[in-house]
Amino acid sequence: MIAMRYGTVPVVRKTGGLADTVMPYDKKRRTGSGFVFENYHADELIRAVHEAVLLYKTNRDQWDGLVLMDMAGSYGWEGSAKDYTDLYENLKIR
1 MIAMRYGTVP VVRKTGGLAD TVMPYDKKRR TGSGFVFENY HADELIRAVH
51 EAVLLYKTNR DQWDGLVLMD MAGSYGWEGS AKDYTDLYEN LKIR
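Just so you know, our numbering puts 72 at position 72 of the sequence shown, and the rest follows in order with no gaps.
These are computed hints drawn from the structure, not numbers from a lab. Treat the hints loosely; a few may be bogus.
What the hints assert, rightly or not - Ranges of calculated distance between the beta carbons of each label pair, as one might list FRET restraints: (1) 93 to 43: 25 to 33 Å; (2) 81 to 58: 36 to 44 Å; (3) 81 to 60: 21 to 29 Å; (4) 62 to 91: 41 to 49 Å.
In this text, all values refer to a predicted model and were calculated from it rather than measured experimentally. Each residue gets a CB set at the ideal place from its N, CA and C atoms; glycine is no exception.
Generate the whole structure from the sequences, applying the supplied hints.
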């Protein structure tokens with residue numbers, strides 16, 4: 001997610017940590033952080049790339065907003081580290 005910090009909008013397959021980190025972009029709500037496809041299939045990748053390029057070419061203001069939103073995101077270990085610490089503390093109490 002370092003790339004997002006520097007302004008790269010991700011196009012990713014929904015798998016592993018990417019499924020938790022990159023939320024599908026919704027043009028109407030202006031929510032999400034990138035373009036996501038589910039299955040390991042070329043057609044889905046092409047669709048996601050096409051969707052990203054279309055937004056870039058037809059709505060630069062919205063694209064720039066997505067870039068800024070991604071750059072402002074928190075992608076460090078602070079949140080995950082706290083979650084793990086809380087989990088371990090909870091297990092220790094039992």
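Hints, verified against the model:
Here the CB-CB span from residue 93 to residue 43 is close to 49 Å, at odds with the stated 25 to 33 Å. Checking the proposed 36 to 44 Å range against residue 81 and residue 58 shows it holds: the Cβ atoms sit about 40 Å from each other. Distance hint check: the CB atoms of residue 81 and residue 60 are about 37 Å apart, inconsistent with the given range 21 to 29 Å. Between residue 62 and residue 91 the beta carbons are some 44 Å apart, a value that agrees with the proposed interval 41 to 49 Å.
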